[in-house]
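First to last, the sequence lines map onto chains A and B. Mapping of the first sequence onto my numbering: position 148 corresponds to residue 163, and the numbering continues sequentially without gaps. Mapping of the second sequence onto my numbering: position 236 corresponds to residue 452, and the numbering continues sequentially without gaps.
Some clues are possibly wrong.
[Stated by the list, open to error] Below, simulated DMTMM-like cross-link-like pairs (lysine to aspartate or glutamate); rule was C-alpha separation at most 25 Å, straight line:
#1 K425(B) / D222(B)
#2 K304(B) / D388(A)
#3 K227(B) / E479(B)
#4 K372(A) / D222(B)
#5 K358(B) / D413(A)
#6 K249(A) / E569(B)
#7 K396(A) / E479(B)
#8 K396(A) / E632(B)
#9 K273(A) / E310(A)
#10 K113(A) / D310(B)
#11 K113(A) / E577(B)
#12 K697(B) / E632(B)
#13 K546(B) / E588(B)
#14 K396(A) / D321(B)
#15 K249(A) / D222(B)
#16 K640(B) / E569(B)
#17 K274(A) / D413(A)
#18 K249(A) / E507(B)
#19 K372(A) / E322(B)
#20 K304(B) / E432(A)
#21 K454(B) / E356(A)
#22 K249(A) / D508(B)
#23 K341(B) / D222(B)
#24 K358(B) / E356(A)
#25 K543(B) / E569(B)
#26 K107(A) / D222(B)
#27 K358(B) / D388(A)
#28 K580(B) / E555(B)
#29 K625(B) / D523(B)
#30 K274(A) / E307(A)
#31 K304(B) / D250(A)
#32 K249(A) / E597(B)
#33 K372(A) / D508(B)
#34 K304(B) / E356(A)
#35 K341(B) / E548(B)
[To be verified] Simulated DEER-style distance windows between Cβ atoms:
#36 Y306(B) / S30(A): 29 to 37 Å
#37 G500(B) / N260(A): 39 to 47 Å
#38 Q342(B) / P248(A): 56 to 64 Å
#39 K372(A) / L376(B): 41 to 49 Å
#40 K79(A) / E528(B): 47 to 55 Å
These are calculated hints, taken from the structure and not from any lab test. No residue lacks a Cβ here, since even glycine has one placed at the ideal position from N, Cα and C.
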Amino acid sequence: MIKKTAAQMSASLTSGETTSVALTQSHLDRISEVDSKVKAFLHVDGENALAQAAKVDAERAAGKKLHPLAGVPLALKDVLAQEGVPTTAGSKILQGWKPPYDSTVVSKLKQAGIVILGKTNMDEFAMGSSTENSGYGPTFNPWDLTRTPGGSSGGSAAAVSAFEAPIAVGSDTGGSIRQPAALTGIVGVRPTYGAVSRYGLIAYSSSLDQAGPFGRTVLDTAMLHEVMAGHDPKDATSINAAVPNVIAAARSADVKGKKIGVIKQLQGSGYQAGVLARFNESLDLLASLGAEIVEVDCPSFEFALAAYYLIAPSECSSNLARFDAMRYGLRTGDDNGASAETVMNATREAGFGREVKRRIILGTYALSSGYYDAYYGSAQKIRTLIIEDYKKAFTQADVLVSPTSPITAFKIGEKSEDPIAMYLADVATIPVNLAGICGMSLPAGLADEDGLPVGFQIMAPAMQDQRLYEVGGALEAALVSKWGGHLIDQVPALGGAK
Amino acid sequence: MALTYDEVISKYEPVLGLEVHVELNTESKMFCSCSTTFGAEPNTQTCPVCLALPGALPVVNATAIESTIKIGLALNCQIAPYSRFARKNYFYPDMPKNFQISQYDEPICFDGYVDVEIETEEGSKQFRIEIERVHMEEDTGKSLHVGGATGRIHGAEYSLLDYNRAGIPLVEIVTKIVPGTGKYAPEVAKAYVAELRDILRGLKVSDVKMEQGSLRCDANVSLRLIGSDVLGTRSETKNVNSLRSVERAIRGEMIRHAELLNEGKKVKQETRHFQEDTGLTRSGRSKEQAEDYRYFPEPDLVPVAPDATWIETLRAGLPERPSLRRKRLKEEWAVPDKEMAAMINADVLDIVEATVLLGAEPTKARTWWLGEISRIANEKETAISDLSITPSDVAEIVALVAAGELTDKLARQVVEGVIAGEGKPSEVVAKRGIKVVNDDGALMAAIEKVCAEQSETADKVRNGHIPAAGALIGAVMKETKGQADAARVRELLLGHLGH
């Protein structure tokens with residue numbers, strides 16, 4: 016049952032073939048079976064999950080009209096506040112904190128009757144591309160347990176690819192949904208900035224953060240996307256407009272006559288041969304489906320990584336100032352009448368990991384008087400140039416495409432001592448965040464040299480998220496018919512799936 | 217060496233800069249829907265947003281923006297078509313996010329002015345105070361330091377934090393530097409704060425209670441030698457909690473600076489705290505090393521872009537400027553300077569005007585509010601506005617007196633009855649059976665009785681000694697229990713005695 020897609024689970028629940036309690040229990044069993052190897056979850060909330068499942072089953076029995084995903088289990092990235100459930104953002108500084116409120120995303124999941132299995136591992140405060148920066152140890156890639164699942168939403172991606180959950184919620188500040196989706200052979204979407212409420216999403220970089228869906232298929236991802244998106248008066252940056260019909264788009268899966276722009280700057284040197292090979296095959300497939308492939312030039316993308324590593328640390332240096340031991344979370348050094356300042360310093364020293372400290376220091380420096388214009392100011396100018404590049408490119412193509420990640424899943428520990436090498440993992444995903452537009456990664460096959468999944472990235476203009484699903488749905492259908500099944504069917508069994 | 221104020225101003229010219237923080241009276245906080253009621257139990261008016269729980273986000277209070285624009289317009293400011301919030305970063309336990317959402321290089325209002333007038337030996341003088349900017353920000357929580365001798369953090373055993381105030385909307389009004397006030401600097405500063413207070417009160421955007429902290433003034437003072445155009449080093453005095461303190465603080469700082477300068481010492485650029493008991497300031501944190509607040513645009517909020525027609529609607533709805541209104545009322549009512557000042561001091565201008573608008577003659581309206589009603593308020597140790605007598609009650613009483621249905625003396629009884637909660641004036645009159653004796657027959661009977669009893673006095677009047685009639689009139693009034701119209705009694709009495 017756990018191998019089904021969310022859409023199939025939904026159908027089984029509706030037909031009465033199974034119950035949500037049974038479905039939830041089989042996922043909890045799977046988690047007990049394999050998560051000691053994968054370590055996707057920080058907190059498994061079995062009791063509440065089963066209670067929620069029983070409630071949905073009772074409502075269904077009573078003939079209540081339910082959301083299609085009602086009773087379907089889901090894994091939630093630990094960056095989203097859930098009332099009464101431990102929420103840490105992967106940081107020791109929040110160990111044991113139970114939010115007194117639900118994030119808007121969690122409210123929407125609950126409203127739809129979705130069963131939340133638990134909270135998934137992540138790089139601390141979403142800072143990282145491998146989930147190795149978690150304060151609670153790394154998550155392992157189900158395709159090869161010696162490798163990382165990518166990050167920062169590595170726990171959510173690993174949970175979905177290990178069949179611990181059919182769908183999951185992640186967040187994407189510089190590629191944190193798309194890159195782990197690519198590295199674990201699943202689908203992940205970063206919606207348009209402002210399409211999904213950030214209320215209750217623990218902030219890393221406010222102007223770049225956006226929560227989004229993971230699924231094993233384009234349609235499953237669209238179904239979760241539809242639940243999460245929508246205007247929220249509690250988030251001032253939330254867009255007050257109708258959610259694009261992503262489910263219909265995923266079903267239509269039509270690329271005939273569509274122009275697909277290949278970004279010149281996001282290929283070539285630095286990209287693994289197997290990644291480029293799968294990417295180019297996918298382009299050929301799209302062309303064979305009637306799409307027109309064009310090349311577009313985005314010259315400012317060269318500076319995207321540099322701009323990102325000024326803007327995101329600057330915002331995080333301010334966003335993370337609230338972790339001061341005064342109201343919640345870790346508190347150390349509070350003895351012998353220590354001053355508030357001493358306690359704050361000791362707590363932040365003990366509670367934050369190395370990468371978080373590195374970015375706080377970077378950001379503090381970049382915002383300092385005398386350096387602001389040279390660093391933060393320049394980065395904002397690059398941001399404007401990248402927006403201009405996209406604007407121009409979208410006059411030439413309906414969607415833009417690139418490999419999601421230049422490389423396949425890397426070994427645990429391989430890049431953890433070299434921050435710059437790690438930062439390069441996001442070189443193709445970061446421009447989307449800087450421009451506030453939307454992007455999808457979907458599996459394009461396995462690289463010949465290492466047999467690991469390769470991700471194909473699709474980008475669309477703001478609030479044109481449906482285009483991702485139209486093109487992604489078409490490519491997925493073509494690939495599935497070529498392979499005779501989904502790529503994820505090839506993932507190792509781990510504990511022996513039922 | 218101790219200097220006198222005259223010695224200071226004979227050598228130095230003061231330059232002022234005033235920063236006034238105003239708590240807006242919106243029902244909810246600047247960025248969340250928590251209540252702003254003053255004096256609630258600690259930490260009962262808080263939520264994830266104003267406690268800065270992880271994940272919480274601010275949303276701007278639209279009423280606060282409207283109030284700020286009104287303030288800007290009333291201070292003759294330009295309103296920015298586009299302005300942004302910024303984060304001011306610094307760590308302090310009473311500031312939950314460890315940054316304050318404020319405005320930095322893009323304030324919502326800028327370039328305005330306020331004219332103030334002060335009375336001097338040479339007559340009244342007007343000064344223009346130029347406004348640099350008016351911007352929005354949020355208040356911090358309050359720290360209570362327990363166990364120390366002074367209530368200050370130094371020496372305290374522990375501190376308590378109350379976040380009820382965290383996130384209350386604040387408007388900061390900053391002047392440009394104010395030179396040219398000379399020896400009048402303290403009075404000009406006081407008059408400016410008073411004028412601001414009156415303007416804000418007129419706009420109904422704040423309680424403007426200095427003692428509760430809803431209006432707070434930071435006074436920047438520096439001195440330079442007369443004739444010099446180089447600015448001296450300034451000190452910034454905080455904790456100035458009354459109009460009188462504004463004046464005292466500035467005078468005190470001028471003397472302190474001058475003494476340092478005369479001794480060849482330097483004035484330290486620092487924050488100082490005003491001491492209400494001594495009238496002096498004490499040193500706070502030093503500002504020699506400029507603090508770096510790492511301002512940057514607040515990414516959680518969108519820019520404020522008020523619609524131009526909306527601004528014009530707000531402009532059209534502005535109340536009359538307080539100084540102009542005072543001038544107008546003084547003329548319309550033909551009030552002497554001293555009486556006008558008394559009304560302003562007693563804060564009864566609004567209530568008198570309301571009474572006049574209901575038809576009462578201005579002098580009568582003023583006399584009631586400033587006289588009998590003020591006396592009762594003083595007696596009860598309460599504010600006039602808290603008494604249960606309204607402008608319409610007073611207008612009714614004035615009308616009853618004018619119609620001859622009440623004498624002044626009876627009217628005082630009615631006022632007392634209304635304040636005692638016995639109802640509207642007409643109800644008090646009915647319940648207490650108060651009425652003027654208009655029946656000449658009854659009056660004549662009383663007059664004849666009194667003249668018979670005091671025949672000696674009556675004879676004096678008959679023989680032309682009119683002033684003696686006063687005693688007889690008094691007796692008749694007593695006989696009629698004060699319900700007679702004294703003028704009519706006098707007329708009848710004099711007629712009766714052959715005049």
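- Violated hints - listed by number, lowest first: 1, 4, 5, 6, 7, 8, 11, 15, 18, 19, 20, 22, 26, 27, 29, 32, 36, 37, 38 and 39
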